[in-house]
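Enquirer: Sequence:
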Amino acid sequence: MEPSTLTILWRLAVTAFVIVAPTLLFLGLLRGLELLRDDELINKIADAEHLRVDDTDDLLRILSTDTVIDSDADPALDRLADATTTTRCQHCGAPNQSTATYCHDCLEPIG
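So in full-length UniProt numbering, spot 37 of the sequence shown is number 37, and the numbers just go up one at a time.
Calculated from the structure, these hints are not laboratory results.
Source: prediction; values computed, not measured.
It is possible that some hints are incorrect.
As the list claims (entries may be wrong) - Pair ranges (Cβ atoms, derived):
| id | residue 1 | residue 2 | range |
| --- | --- | --- | --- |
| 1 | Leu27 | Arg88 | 51 to 61 angstroms |
| 2 | Glu34 | Leu9 | 49 to 59 angstroms |
| 3 | Thr85 | Ala48 | 50 to 60 angstroms |
| 4 | Leu35 | Thr15 | 26 to 36 angstroms |
| 5 | His50 | Leu12 | 35 to 45 angstroms |
| 6 | Thr85 | Glu34 | 42 to 52 angstroms |
| 7 | Cys106 | Glu40 | 26 to 36 angstroms |
| 8 | Arg11 | Leu33 | 27 to 37 angstroms |
| 9 | Pro95 | Leu29 | 45 to 55 angstroms |
| 10 | Thr5 | Leu29 | 52 to 62 angstroms |
Note that beta-carbon positions come from the ideal geometry of N, C-alpha and C, so glycine has one too.
Hey, can you work out the whole structure from these sequences and the hints?
Expert: Pasting the structure below:
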């Protein structure tokens with residue numbers, strides 16, 4: 001027994017809905033979150049509580065420049081900055097940075 005034209009159209013409509021609906025719902029969610037973020041009520045509450053709400057503007061300004069952002073604010077925390085010398089692994093002989101505790105080739109502990 002062959003399916004009727006109405007049954008085929010119904011199946012196609014359900015398939016199209018299942019394919020398109022999640023994308024539309026996701027885009028609606030994003031738009032709704034943007035509206036909530038830019039809502040005047042948020043600004044009023046932030047002003048009343050003396051909170052900064054322009055952090056995103058600062059972040060976008062920093063990200064729009066061509067500068068490199070170092071994740072460690074304190075240069076003393078950057079262990080790789082002074083890693084100009086290398087040490088050899090006792091097991092495989094591969095060169096490793098002097099700050100390494102494990103060999104990057106064989107994963108054995110270094111010295």
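Enquirer: Honestly, which of those hints from before does the structure not fit?
Expert: Checked against the structure, the hints that fail are numbers 2, 5, 7 and 10, while the rest are satisfied.
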